[in-house]
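So the protein sequences, as listed, match chains Y and W.
Okay, so the first sequence: first residue is 21 according to the numbering used here, each after it adds one.
Okay, so the second sequence: first residue is 81 according to the numbering used here, each after it adds one.
Keep in mind the hints are simulated off the structure, nothing from the lab.
All values reported here derive from a predicted model rather than from experimental measurement.
Hints may be right or wrong, so weigh each one.
Label pairs and their calculated CB-CB ranges [to be verified]:
(1) W:429 <-> Y:311: 57 to 63 Å
(2) Y:109 <-> W:426: 35 to 41 Å
(3) Y:46 <-> W:324: 57 to 63 Å
(4) Y:52 <-> W:316: 44 to 50 Å
If you want a taste of the chain Y side facing chain W, the calculated C-beta under 8 Å gives, among others [to be verified]:
(5) 22
(6) 24
(7) 61
(8) 62
(9) 63
(10) 149
(11) 152
(12) 153
(13) 232
(14) 235
Calculated pairs, DSS-like style, for lysine-lysine (alpha carbon to alpha carbon, straight line, at most 27 Å) [what the hints assert, rightly or not]:
(15) W:216 <-> Y:35
(16) W:132 <-> W:249
(17) W:201 <-> W:116
(18) W:423 <-> Y:35
(19) W:157 <-> W:430
(20) W:430 <-> Y:35
(21) W:201 <-> W:430
(22) W:157 <-> W:216
(23) Y:266 <-> Y:247
(24) Y:344 <-> Y:247
(25) Y:267 <-> Y:247
(26) Y:35 <-> W:116
Just so you know, even glycine gets a beta-carbon here, dropped at the ideal spot from N, CA and C.
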Amino acid sequence: MSDAATRDDLVSLLKDWTAAAARLTQGEQIGADGAVDGPPLAPPEDTGEALGLPASGLTLTFGFGPALFETSDGTDRFGIASRRPDALQPLPRFAGDALEPAYTGGDLCVQACADDPQVAVHAIRNLSRIAFGRADLRWSQLGFGRTSSTSTSQVTARNLFGFKDGTANLKAEDASLVDEHVWVQRADGPDWLVDGSYLVARKIRMIIEVWDRQALQEQERVIGRSKGEGAPLSGGTEFTALDFTKKDANGAPLIDPRAHVRLAHPDRNHGVRLLRRGYNFVDGNDELGRLNAGLFFLSFQRSPEDFVAVQRSLASDAMAEYIKHVGSAVFAIPPGARRGSFVGAGLFA
Amino acid sequence: MSSRLVPVSVVLGAAVLALTGCVANHPSGGSSSALKVEIADDSCAVSSHTAKAGTVSFALSNTGSDVNEFEIYADDKLRIVGEKENVTPGQSVSYVAQLEPGTYYTACKFQMVGAPVGLAKFTVTGKATEASASDKAREKQAVTNYVSYIKSQVGELLPATQTFADAYKSGDDDKARSLFASTRVFYERIEPTAEQFGDLDPKIDYREVDAAADGIDWTGFHRIEKDLWPPAADALNSDGTSATQNWAPSTPEQRAQFADDLVANVQKLHDLVTDPSFTVTLADISNGAIGLLDEVATSKISGEEDWWSGTDLSDFAANVQGAEVAYGNVRDIAESKGSAGKKLVGRIDKQFSALDALLGTYGSIDSGFVNYREVDDAARKELSDQVNALAEPLSQLTHTVLGVKE
Numbered sequence: 021m022s023d024a025a026t027r028d029d030l031v032s033l034l035k036d037w038t039a040a041a042a043r044l045t046q047g048e049q050i051g052a053d054g055a056v057d058g059p060p061l062a063p064p065e066d067t068g069e070a071l072g073l074p075a076s077g078l079t080l081t082f083g084f085g086p087a088l089f090e091t092s093d094g095t096d097r098f099g100i101a102s103r104r105p106d107a108l109q110p111l112p113r114f115a116g117d118a119l120e121p122a123y124t125g126g127d128l129c130v131q132a133c134a135d136d137p138q139v140a141v142h143a144i145r146n147l148s149r150i151a152f153g154r155a156d157l158r159w160s161q162l163g164f165g166r167t168s169s170t171s172t173s174q175v176t177a178r179n180l181f182g183f184k185d186g187t188a189n190l191k192a193e194d195a196s197l198v199d200e201h202v203w204v205q206r207a208d209g210p211d212w213l214v215d216g217s218y219l220v221a222r223k224i225r226m227i228i229e230v231w232d233r234q235a236l237q238e239q240e241r242v243i244g245r246s247k248g249e250g251a252p253l254s255g256g257t258e259f260t261a262l263d264f265t266k267k268d269a270n271g272a273p274l275i276d277p278r279a280h281v282r283l284a285h286p287d288r289n290h291g292v293r294l295l296r297r298g299y300n301f302v303d304g305n306d307e308l309g310r311l312n313a314g315l316f317f318l319s320f321q322r323s324p325e326d327f328v329a330v331q332r333s334l335a336s337d338a339m340a341e342y343i344k345h346v347g348s349a350v351f352a353i354p355p356g357a358r359r360g361s362f363v364g365a366g367l368f369a
Numbered sequence: 081m082s083s084r085l086v087p088v089s090v091v092l093g094a095a096v097l098a099l100t101g102c103v104a105n106h107p108s109g110g111s112s113s114a115l116k117v118e119i120a121d122d123s124c125a126v127s128s129h130t131a132k133a134g135t136v137s138f139a140l141s142n143t144g145s146d147v148n149e150f151e152i153y154a155d156d157k158l159r160i161v162g163e164k165e166n167v168t169p170g171q172s173v174s175y176v177a178q179l180e181p182g183t184y185y186t187a188c189k190f191q192m193v194g195a196p197v198g199l200a201k202f203t204v205t206g207k208a209t210e211a212s213a214s215d216k217a218r219e220k221q222a223v224t225n226y227v228s229y230i231k232s233q234v235g236e237l238l239p240a241t242q243t244f245a246d247a248y249k250s251g252d253d254d255k256a257r258s259l260f261a262s263t264r265v266f267y268e269r270i271e272p273t274a275e276q277f278g279d280l281d282p283k284i285d286y287r288e289v290d291a292a293a294d295g296i297d298w299t300g301f302h303r304i305e306k307d308l309w310p311p312a313a314d315a316l317n318s319d320g321t322s323a324t325q326n327w328a329p330s331t332p333e334q335r336a337q338f339a340d341d342l343v344a345n346v347q348k349l350h351d352l353v354t355d356p357s358f359t360v361t362l363a364d365i366s367n368g369a370i371g372l373l374d375e376v377a378t379s380k381i382s383g384e385e386d387w388w389s390g391t392d393l394s395d396f397a398a399n400v401q402g403a404e405v406a407y408g409n410v411r412d413i414a415e416s417k418g419s420a421g422k423k424l425v426g427r428i429d430k431q432f433s434a435l436d437a438l439l440g441t442y443g444s445i446d447s448g449f450v451n452y453r454e455v456d457d458a459a460r461k462e463l464s465d466q467v468n469a470l471a472e473p474l475s476q477l478t479h480t481v482l483g484v485k486e
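Isolated chain Y, as found in the complex (with noise of 0.2 Å):
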């Protein structure tokens, strides 16, 4: 949010986002006039790229940073600092974090998903400017091919190490465990939350031309899985469960004990599993010409205290080698608007 935002500011700014994320998400321009049908003396309301593309199954997630409620300094800018949800906190350092203030924080984030990335462009730019004088743009990131599959009906897809990435995601499918990992359950609290989630984003750089250089057992034992089946190193297919136990002939597991698999494993983590919905980068090259690539690590949890906990797992990753935690935000997501309300309607009620 712009320092001399008010609280009016924000609730006019979420109103405002939520008629055009329904205009977007359905396929339609912004505004009355769109891009090319209003006045010849005004700027176009809409900008226009999306002119002729469908919705591209867009979606739109937004949520609230733990400074939108209270700021480091303990300021109240907005009147809801008595609605923070206790588990809104910015996160604890990790092992191995080299975060850059330029991909960290921020008051409110959106999350534009969509099959074509014009469409999720178009949406992201156009909020953008809804928002100028309200709220200025702190950070963004694009993606690309989703990382983790969501679903039992998608392939899952592989990330840039090359490793199919997702197996054990959680799926839309599994009402059930959905329930128990990602939505906010009315005991959870606060009600304005209740049915909504907490995303974590990582922006994670990985040092893909160190990677490249080892050998494919090296690959394979620090991701826990064959590289092309993804089936586990311990036997069967891609979705045979892990055996932490299994050892080969010579006594040693074949699942590595820091094997990114076994760390990450919902087993050694007092059952906690996260929904990740993450995507591939690359942003261009950086000074030393290396493709400035990596995995922007999104998950949404139910407290982002699993996420805390899983990370603090992988403190001793043996794939923490080639990778390099450069941005990091945690935000609330409120539930889903309803017919002639807003987003996070509930934080102002």
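Chain Y is fixed; fit chain W onto it per the hints.
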């Protein structure tokens, strides 16, 4: 400064009134007697510093040695709301202005160029006039006042440029450096107007990289700037090329040439805007306000404008002031366009104040600004955010002023 083409709006041959900011020269019965304005070469004494709202009469007499003019400025001391030009020595003439309640400043301008003389606060009290002027009258007034403002800025630019160029030419670099930003302010406030005159802006205000790209001789303020703030041997131009590539410090002969050219080109600009045929359209005014903000958003925010002197914030502030004046001239028209017009004016007013306040934390045009190289990326983003916050509603101004029926 921009290489963007701007529609030319000089209307040649049209009948344009030189007399401005006034109503019929016979005040209605109820009006009190005229205020006396004693004009001399170095003073401008008005017999009272207050008046009642409505028609205000002034009796001007010029006891000085040369032609003079009387001006009434809005409370920003920039926007002209009324003026009487061409008051010759020994002449007594009456002048009537229509003034709403508010704070104004009166001043004279010896020889009709240079800085205002005898600037004094003038307060108008009472009730705002209820019967609003017709659209046509309001539009005519806006154009008249904006043309007066352009003339007053170029009128100040001319002698300031002469002094600056003289210092540079004579090798008094300290003095020239101290005058660089303050001289440019008059130009930056009316930049979109100067850009209408084809090749003048490139000659006066082109940056080295643009001149090189366009294949024209590099002259003007920025050529002089690089002599005054000479680059270190390993310094780079804004496009990353070596600062010394195709460049060497000017010889005294070259300095004389650049100085004379600059003055001559500013003189040309002055001739053009003081020509009786010079005018602007209402769209020029509101698009000028938008254009000035675009200038800020593209070349000032990035620090490319005053690459060697680091005086970008002064240009920035002058662009914003220029936009504010242009907006001020059409504000009433926009406000009269129903609830949407009122709402737009409210948004623009609010964001202008916020931008002025933010700029104020870096200095002022009168006292100078911090060097833009000392403004870090986070601070530049804050400035950019505020420019966006203003530019978004401001971009609706032309449509509201011209395209919306009352």
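Given residue 61 of chain Y was flagged as interface, is its beta-carbon under 8 Å from a beta-carbon of chain W?
It holds, given that the least Cβ distance between residue 61 of chain Y and chain W is near 4 Å, below 8 Å.
I want to verify a distance hint. Is the separation of the beta carbons of residue 46 of chain Y and residue 324 of chain W within 57 to 63 Å?
Holds, at about 58 Å.
Agreement of residue 423 of chain W and residue 35 of chain Y with the hint, judged by alpha carbon distance not exceeding 27 Å
OK: residue 423 of chain W and residue 35 of chain Y at ~18 Å, within 27 Å.
With a cut-off of 8 Å on the beta carbons, see whether residue 24 of chain Y makes it to chain W.
holds, 6 Å
Pairwise beta carbon distance, residue 52 of chain Y to residue 316 of chain W, judged against the given window 44 to 50 Å
holds, 49 Å
Hint check: residue 157 of chain W vs residue 430 of chain W, CA-CA at most 27 Å. Holds or violated?
holds, 20 Å
Hinted pair, alpha-carbon criterion (27 Å max): residue 132 of chain W, residue 249 of chain W. Please report holds or violated.
Answer violated: residue 132 of chain W to residue 249 of chain W is near 50 Å, above 27 Å.
Per-residue hint verdict: residue 22 of chain Y, partner chain W, C-beta under 8 Å:
holds, 7 Å
Is it true that the C-beta distance of residue 429 of chain W to residue 311 of chain Y lies inside 57 to 63 Å, as the hint says?
violated, 48 Å
Close enough to count: is the Cβ of residue 149 of chain Y nearer than 8 Å to one in chain W?
Check passed: Cβ of residue 149 of chain Y comes within 7 Å of chain W, closer than 8 Å.
Would the hint on residue 152 of chain Y stand, with a C-beta cut-off of 8 Å toward chain W?
holds, 4 Å
Hinted pair residue 201 of chain W and residue 116 of chain W, Cα distance within 27 Å:
Holds, because 15 Å separates the two Cα atoms, which is no more than 27 Å.
Figure legend: structure checked against the earlier numbered hints; hints not met, in rising order: 1, 13, 14, 15, 16, 26.
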